Amino acid sequence: MIEFQNLKKVYESGGQQVHALNGIDLKINKGEIFGVIGFSGAGKSSLIRCVNLLERPTSGKVIVDGHELTSLSVKEVREIKKNIGMVFQHFNLLNSKTVFANVAMPLTLAKLPKEQIKKRVLELLEFVGLEDKADNYPDQLSGGQKQRIGIARALATQPSILLCDEATSALDPQTTSSILQLLKKINKEYNITILIITHEMSVIREICDKVAVIEGGEIIEEGSVFDVFSSPKTQTAKNFVSTVMNDQLPDSINELIQKHKGKQKIFRINFVGNSAGQPLLSELAKKFDIDINVLFGNITELQGTPFGNLIVEFQGTDEEIKKVLAYVNEKNISIKEVIAHAS
Amino acid sequence: MLVNSEQIIEAIIETIQMVSFSLLFSAILGIPLGILLVVTRKGHLLENVVIFNVLNGIINIFRSVPFIILLVAMIPVTRFIVGSSIGTAAAVVPLVFYAGPYIARLVENSLLEVDPGVLEAAEAMGATPWQVISKFLLPEALSSLVLALTIATIGLVGASAMAGAVGGGGIGDLAITYGYQRFDTITMFITVAILIVIVQGLQSLGNILAKKIRRR
Ligand SMILES: Nc1ncnc2c1ncn2[C@@H]1O[C@H](COP(=O)(O)OP(=O)(O)OP(=O)(O)O)[C@@H](O)[C@H]1O
Ligand SMILES: [Mg+2]
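Chains as they are written, first to last, in the UniProt record's numbering: chain S, 1 to 343; chain D, 1 to 216.
Don't take each hint at face value.
Under the rule of at most 25 angstroms between Cα atoms (straight-line distance), these lysine-lysine pairs were calculated in the BS3-like manner [to be verified]: (1) K27(S) - K233(S); (2) K185(S) - K118(S); (3) K133(S) - K211(D); (4) K75(S) - K42(D); (5) K185(S) - K119(S); (6) K97(S) - K135(D); (7) K135(D) - K82(S).
With the Cβ distance kept under 8 angstroms, some of the chain S side facing chain D (calculated, not the full set) [said to hold, decoys possible]: (8) K82; (9) F88; (10) H90; (11) L94; (12) S96; (13) M105; (14) P106; (15) Y137.
Hints were generated in silico from the structure; no laboratory data involved. Just so we're clear, the structure is a prediction, and the values are computed from it rather than from any experiment. The beta carbon of each residue, even a glycine, is placed where N, CA and C say it ideally should be.
For reference, chain S alone in the conformation it holds in the complex (with noise of 0.2 angstroms):
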């Protein structure tokens, strides 16, 4: 478990003093996955280094594990990283040793017998799926391949935490869905919580179950993933959203109903949960007296929910549509007639 209490941290530079991070309050429980996404310079890496002291917080309080860090001695502190892994988004792999030598490296620093040690590194190296690279230099390997061996090297001490600075940001979106992949299954099978910072709504999407959005060094908005997906509160929470769930109208459909002004009925449905399982349009058209037109869809699964909006056009009399509306009210899935936008 980790907890931030009112954790502030300003950075000195050049005689300014840069506000990175102005009283954060948060809390991440045991085994989850939790995302924290912002824009460049919102206090992401500020934030996620202050878990393992890599930076020391100006005020306020980080606990780990019910340790109150900033209390700790060096030692102590020590002792606490071996229980904290972390992933870099370049990697940080140790360029002169192979890639049984990077992974082996807190171990190494542990002083474990080499027996032990050796034993370790393959069946994490098995787990990454690198076995075969063990004997290579990491300049031998792809970027994927890379954070596979930094995960790996990561999870080497069995951590109970695992923390991801933009662990995916230099690689590209298949090899990103891959190593999300390989983090939820560490999640899974060893139960690690995992924070993960990002600025990819995707990447949140993806893995997490939980996400907060930062700006401007405070938390402005948290929840589940899929609250905050569903029904995001502030605009860079909205804007974040929309960069995943294309929820805008393409210029096409758009041009149509600036066309057809007033000639036409469309609507947008929302499908959350459930509803977006009932075979909603066949039931209203065998039900009423219209025709629908299907003009744009998009649905996708949220932590196993599905989740999206269809845009359909009625054509019918004004009675039977406001018939239809009322049904659909009357099921609790949200509809709403869009206005054309001027552009």
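Use these hints to put chain D with the ligands onto chain S, whose structure you have.
Leaving out everything else, chain D with the ligands in the frame of chain S:
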């Protein structure tokens, strides 16, 4: 030609002795100093403004004195350490004072090139300062350190020729006393040729070694 081959061989041996002993001692002095210059700087492992500034100042002072002046200025110190101010052993003292600070700077440069991310990973793992230096900083900088020491060695070959001229023996001594003062052009050519061969050989050796460490 006023010199015979035996004199030349003896001079080469003296030069090799001077260079290797002064290299040994200046590395023993310079490498730890270079490490200290890196780890005590602001924001680093063992940040310590006082130690950094003092070391930095002292090294700058030694680095700014021309070798020929250092050679003369060091005579009392040399007498105190070696018991004499002439001979090959005596030449080693000023050479160490010349090359030690030089090596410290070269080592500092090599270590500063190490990816800070790697050191951050070390810190995240809970490595002690000594572990960060011995298991991360030095291994990552090794091939660059070898090249730095190669440069220092070549610098010592040149400086040892100068030191030889004030009584240290070696190839430089030969070149000055015969080639320059007695206008023996052939000896001059031969000694210069020998120096060129030594420098070329050292540089190639350093390059090969560094490449081998880097594996590419
Ligand atoms: N060591 C430092 N010295 C001075 N200012 C710093 C330092 N580290 C970060 N900052 C400043 O603190 C603020 C927050 O930085 P931080 O690195 O936490 O942002 P971030 O959200 O991780 O951004 P990015 O997505 O670009 O990595 C920025 O304004 C940055 O310039
Ligand atoms: Mg960052």
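So, going through the hints one by one against the coordinates:
no. : hint              : verdict
1   : K27(S) - K233(S)  : 20 angstroms, holds
2   : K185(S) - K118(S) : 23 angstroms, holds
3   : K133(S) - K211(D) : 22 angstroms, holds
4   : K75(S) - K42(D)   : 22 angstroms, holds
5   : K185(S) - K119(S) : 21 angstroms, holds
6   : K97(S) - K135(D)  : 10 angstroms, holds
7   : K135(D) - K82(S)  : 17 angstroms, holds
8   : K82               : 5 angstroms, holds
9   : F88               : 6 angstroms, holds
10  : H90               : 5 angstroms, holds
11  : L94               : 6 angstroms, holds
12  : S96               : 5 angstroms, holds
13  : M105              : 7 angstroms, holds
14  : P106              : 5 angstroms, holds
15  : Y137              : 7 angstroms, holds
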